[in-house]
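*Asks:* Just so you know, the sequences run in chain order A, B and C. Using the working numbering, read the first sequence as starting at 474 and increasing by one per residue. Using the working numbering, read the second sequence as starting at 77 and increasing by one per residue. Using the working numbering, read the third sequence as starting at 13 and increasing by one per residue.
Because the hints were derived from the structure by calculation, they are not lab data. The reader is advised that the hints may include incorrect statements.
[Stated by the list, open to error] To give an idea of the interface, some chain B residues facing chain A are shown, with a C-beta separation under 10 Å as derived from the structure: (1) Leu93; (2) Ala132; (3) Gly141; (4) Tyr148.
[As the list claims (entries may be wrong)] In silico negatives: residues of chain A with every beta carbon more than 10 Å from chain C: (5) Glu476; (6) Ile552; (7) Asn605; (8) Val632; (9) Leu681; (10) Val689; (11) Trp774.
Note that beta-carbon positions come from the ideal geometry of N, C-alpha and C, so glycine has one too.
This is what each chain is made of:
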Amino acid sequence: MLETVILTIAKIIIFFAVLMFFVAYGTYAERKVAGGIQDRIGPLHCGPFGLLQPLADGLKLFFKEDITVAKSDKPTYYIAPILAVVPAILVIAVIPVDENIMITDLNIALLYFLAVSSLSVYAIMLGGWAGNSKYPLLGGLRSASQFISYELVLGLSIVCVAMLVGSFSLRDVVLYQKDMWMVFKQPIAFICYMIAAIAELNRAPFDLPEAESELVGGYHTEYSSMKFAMFFLGEYANMVVSSAIATCLFLGGWYAPFSILPFIPGFIWFLIKTFLIFFFMLWIRWTYPRVRFDQLMGMSWKVLMPVVLLNILVTGFIVTFGR
Amino acid sequence: MSYTEIFFYIFAVLSILFALLTVTRRNAVHAAICLLLTFFFIACNYVLLEAEFLAAVQVLVYAGGVVGLMLYVIMLVRKDEADEVRQSLGQRVIAVFIAILFVLEIAFISLLAYYGNYSGFLSSKMAQIGGNTESIGAVLYTYFLLPFEVVSVLLLAALVGAVVLAKNRIER
Amino acid sequence: MGIFESLKARFGEAIGDAREFRGEETIYVSKEYLKNICLWLRDVKGFNFLVDLCGVDRGVGKTDRFEVVYLLRNMDTREQVRLKVRIRDGERVDTVSDVWPTANWHEREVYDMFGIEFEGHSNLERLYLPDDYEGFPLRKDYPVRGDTNRIFYEGGAKTKYKPKRNDTTILNMGPQHPSTHGVLRVILELEGETIVDACPIVGYLHRGTEKLAEQKTYFQVLPLTDRLDYLAPPSNNLAYILAVEKLLGIEPPARAKYIRVIMTELARIASHLIWLGTHAMDIGAATVFLYTFREREYIYELWEMVAGARFHQSYFRIGGVKEDLPEEFIPALKKFVDTFPRKIDEYEGLLTNNKIWRVRTEGVAVLSKEDAIRYGVTGPILRGSGVKWDLRKAYPYSGYEEFRFEIPVGEVGDTFSRYLVRLEEMRQSREILKQAVEKLPDGPIKFEPGKYSFPDPEEVKGSRANIEALIHQFKQVIEGVKPPVGEVYQAVEAPKGELGFYIVSDGSEKPYRMRIRSPSLINLQALPLLVRGHKVADVVTAIGSIDIVLGEVDK
Numbered sequence: 474m475l476e477t478v479i480l481t482i483a484k485i486i487i488f489f490a491v492l493m494f495f496v497a498y499g500t501y502a503e504r505k506v507a508g509g510i511q512d513r514i515g516p517l518h519c520g521p522f523g524l525l526q527p528l529a530d531g532l533k534l535f536f537k538e539d540i541t542v543a544k545s546d547k548p549t550y551y552i553a554p555i556l557a558v559v560p561a562i563l564v565i566a567v568i569p570v571d572e573n574i575m576i577t578d579l580n581i582a583l584l585y586f587l588a589v590s591s592l593s594v595y596a597i598m599l600g601g602w603a604g605n606s607k608y609p610l611l612g613g614l615r616s617a618s619q620f621i622s623y624e625l626v627l628g629l630s631i632v633c634v635a636m637l638v639g640s641f642s643l644r645d646v647v648l649y650q651k652d653m654w655m656v657f658k659q660p661i662a663f664i665c666y667m668i669a670a671i672a673e674l675n676r677a678p679f680d681l682p683e684a685e686s687e688l689v690g691g692y693h694t695e696y697s698s699m700k701f702a703m704f705f706l707g708e709y710a711n712m713v714v715s716s717a718i719a720t721c722l723f724l725g726g727w728y729a730p731f732s733i734l735p736f737i738p739g740f741i742w743f744l745i746k747t748f749l750i751f752f753f754m755l756w757i758r759w760t761y762p763r764v765r766f767d768q769l770m771g772m773s774w775k776v777l778m779p780v781v782l783l784n785i786l787v788t789g790f791i792v793t794f795g796r
Numbered sequence: 077m078s079y080t081e082i083f084f085y086i087f088a089v090l091s092i093l094f095a096l097l098t099v100t101r102r103n104a105v106h107a108a109i110c111l112l113l114t115f116f117f118i119a120c121n122y123v124l125l126e127a128e129f130l131a132a133v134q135v136l137v138y139a140g141g142v143v144g145l146m147l148y149v150i151m152l153v154r155k156d157e158a159d160e161v162r163q164s165l166g167q168r169v170i171a172v173f174i175a176i177l178f179v180l181e182i183a184f185i186s187l188l189a190y191y192g193n194y195s196g197f198l199s200s201k202m203a204q205i206g207g208n209t210e211s212i213g214a215v216l217y218t219y220f221l222l223p224f225e226v227v228s229v230l231l232l233a234a235l236v237g238a239v240v241l242a243k244n245r246i247e248r
Numbered sequence: 013m014g015i016f017e018s019l020k021a022r023f024g025e026a027i028g029d030a031r032e033f034r035g036e037e038t039i040y041v042s043k044e045y046l047k048n049i050c051l052w053l054r055d056v057k058g059f060n061f062l063v064d065l066c067g068v069d070r071g072v073g074k075t076d077r078f079e080v081v082y083l084l085r086n087m088d089t090r091e092q093v094r095l096k097v098r099i100r101d102g103e104r105v106d107t108v109s110d111v112w113p114t115a116n117w118h119e120r121e122v123y124d125m126f127g128i129e130f131e132g133h134s135n136l137e138r139l140y141l142p143d144d145y146e147g148f149p150l151r152k153d154y155p156v157r158g159d160t161n162r163i164f165y166e167g168g169a170k171t172k173y174k175p176k177r178n179d180t181t182i183l184n185m186g187p188q189h190p191s192t193h194g195v196l197r198v199i200l201e202l203e204g205e206t207i208v209d210a211c212p213i214v215g216y217l218h219r220g221t222e223k224l225a226e227q228k229t230y231f232q233v234l235p236l237t238d239r240l241d242y243l244a245p246p247s248n249n250l251a252y253i254l255a256v257e258k259l260l261g262i263e264p265p266a267r268a269k270y271i272r273v274i275m276t277e278l279a280r281i282a283s284h285l286i287w288l289g290t291h292a293m294d295i296g297a298a299t300v301f302l303y304t305f306r307e308r309e310y311i312y313e314l315w316e317m318v319a320g321a322r323f324h325q326s327y328f329r330i331g332g333v334k335e336d337l338p339e340e341f342i343p344a345l346k347k348f349v350d351t352f353p354r355k356i357d358e359y360e361g362l363l364t365n366n367k368i369w370r371v372r373t374e375g376v377a378v379l380s381k382e383d384a385i386r387y388g389v390t391g392p393i394l395r396g397s398g399v400k401w402d403l404r405k406a407y408p409y410s411g412y413e414e415f416r417f418e419i420p421v422g423e424v425g426d427t428f429s430r431y432l433v434r435l436e437e438m439r440q441s442r443e444i445l446k447q448a449v450e451k452l453p454d455g456p457i458k459f460e461p462g463k464y465s466f467p468d469p470e471e472v473k474g475s476r477a478n479i480e481a482l483i484h485q486f487k488q489v490i491e492g493v494k495p496p497v498g499e500v501y502q503a504v505e506a507p508k509g510e511l512g513f514y515i516v517s518d519g520s521e522k523p524y525r526m527r528i529r530s531p532s533l534i535n536l537q538a539l540p541l542l543v544r545g546h547k548v549a550d551v552v553t554a555i556g557s558i559d560i561v562l563g564e565v566d567k
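The shape of chain A in the complex, shown without the other chains (with noise of 0.2 Å):
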């Protein structure tokens, strides 16, 4: 019994401070690739590469003046920036890395997974509300309509997945993929889950709750120091574990591609498939314009809802059929 609470008290820790030092590098990754695409170079002088500029955006942020607006509703506004932290956090206790390392094989851990990333809205929606001022909440607002329509896209192109694979545990997900990828079986889930887990993520071009050019800063406009900053580590926190899910969803986990380089350890390749993914969403919002929210809305309903209940169908039959 003992064995087992610090073994997972273990694996925990070396979880978390993996995902801290994607979060790290993320933005790091952001900044460097957002330079290439831009015809620059990117942080360069923090280190070699610039490769110590999240430490010092880090202590950056945290010597920064911690702002507290005086006429804010002062127990929402400090919570609301830890809300956009723990759920990305929580997310990784069912993330398969490996065949066998992993912090838990829940037989859920999908639903797991919707369950708690539905709860990072609620960041979002009490900061905007907590700062007490206009633009905030028109970000916030924005984004729970936003979070409530693509949780459903989100939810349904899963759905799709686990049809096929018959269970919720991630792994049984990976494991099925040993021959063929998911995402040459459902690519149309894959794209449906792609587009909402950006929207989700509030980035570009779906970023509307914080759009600067519209709202200052959106939902964090009123926030400060390390309060900003815990919405930025949500982000990015929130960026990594959905590369994550879609990597154990759609490309095959641990396996290597097509059975090729088998000498490479399974984790590698599950890291290098996360990060293709994040490198996804960084070219996507580095090159497109924002859409507009009615425009996002009328996607999410009009276009991806049916299509993606479509797919549902049509598993279903080959499920029902097919066998």
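Go by the hints and put chains B and C onto chain A.
*Replies:* Chains B and C only, in chain A's frame:
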């Protein structure tokens, strides 16, 4: 006392505490946050009851969706206005009546379960057969098919009603 | 029959006398008949475009102290006529904002600066200055530094926007906001995210350029004009210098004209580049911004070669330009001309056929042809609405008649049309540059240096020094040029639209009155028209597609 029992009492106390806070908070947003936590701790107890599917759905639908929509409406009301509004007390009698009804219902089910050897469809035995997600699916689409469809139609009606109401407002 | 004769025949006694100076006709009319005359000119004579409306203080003690000046244009026949109304201090003039809606802000500005009130104006408030400001700065008896002991604008005046409906939210956008391109402030009335009405408030960057110009000699005014549209300073310099040259009745040598064209077309490209970058960034495409700044940087390097300054060059002189082009300039410009089309293709690759860009710009902020003319909108916005109008073709100046180029015209009048028009304008500017490089004539770069501008420095100091040049130098420093009594209006097609300078000369070395018709300000007036019924995000798109520069809006 087993670990399960210790956790059960922790979650039970917390869910009751936040349920009480939900109904006593003046600030609607605070009440909504308390409601969110209530739902969350009830979900924790579902996990202890080996009803993982129910727990996940509880968080996903109630904590993630329903409270979110509630907050959405609350946020649309301006903060200074919301603080001034005093809720009317005309509902007190009805509220007490409904509360009593609920207590009676829970007592009835508890007694039935205790004396009547009535363990419901989602016993842990069932879970061992094929995981409770699958058994819920099977039960829903066989034994409870008619209620399930009725509920679906009801929700559809609500959906259509909401669309019609919103549409009228836009055209005005 | 000229305009004066037909007006005389129609209105008789209401028409005073007419004057002509440098080919510009000025007609004095009585204030009682002003509105009727304006309506008749608009409806019968086709003067559909109010170019400018401004006030002039003729001096304390004059019986008819103030003049209100109307500059009208018939866009079909290209006729222009200036109407003048003389009034006593305290008298009111009928508004013409119901004849030409563009007059609304003009009249507010005249009220702001001269205290002249307009009968029947819907919203006669100060345009630039705070509501609690005392005095009217452009009156001749108002000190140039104003009242230095008082601080105005305490307690946030100018918030008197009255909501149209009672179930709406008021959202204050600016003056500090990432997408208002400076210190513009827009009060938005919202229903959810839908705009019920918008109310732009300007004046946060008001520096009183027109008042300052009255204190300086004609040459000293030049650096002030750099600070108007600070993204395209050569255009401002050109408009001002051309006006002064018109006043003096001189013409620069051919080489100077070509150099001026090169500089102003580079300015057009630079201005459109920064517009494209910021506009795309407002809509969320951050990368285009960096790409356009790359080319803009190259243009700044070119300018630095020529003028020594990157930003505010003040390179043009009365009668020519300061110095001849350096040797390395022409090869560098040729390189730019050769590579630039590929760069435009690169921007287009990111935007034009991008689905998100299309849905964000198509059908957004539509301005119809009729409204564009009624609101006095000029430049790419007017052309985007489908009016084929370009001052470089309509009233060629600085040798533009010698160049071949097309006027791009949009069809729909939405943000996307304006986007296409501006992109094509960049290509056409590049064509002009190409021709200018090929045809650049040799010869002098100044018209009679010494008489109208400073003499060659080497003739003043050193071995080639001579007494004549020294006297010229002395005269230039002490009093500069003295144009004859008269008044001119000279406009150029600046990147943002029609930039005009109306200069009244009393024969002294300083302009008696200098009026700037700034295109950004007048185009901005159409903003509420563009955004009503759209979403909050579209306000940003609309402001971006109007392409304002606050230095010019606030003057």
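*Asks:* Does each hint fit the structure? Answer for all of them.
*Replies:* Consistency of the hints with the structure:
| no. | hint | in the structure |
| --- | --- | --- |
| 1 | Leu93 | violated, 16 Å |
| 2 | Ala132 | holds, 4 Å |
| 3 | Gly141 | holds, 6 Å |
| 4 | Tyr148 | holds, 5 Å |
| 5 | Glu476 | holds, 51 Å |
| 6 | Ile552 | holds, 26 Å |
| 7 | Asn605 | holds, 14 Å |
| 8 | Val632 | holds, 28 Å |
| 9 | Leu681 | violated, 8 Å |
| 10 | Val689 | violated, 6 Å |
| 11 | Trp774 | holds, 16 Å |
Comparing the model with each earlier hint shows violations of hints 1, 9 and 10; every other hint is respected.
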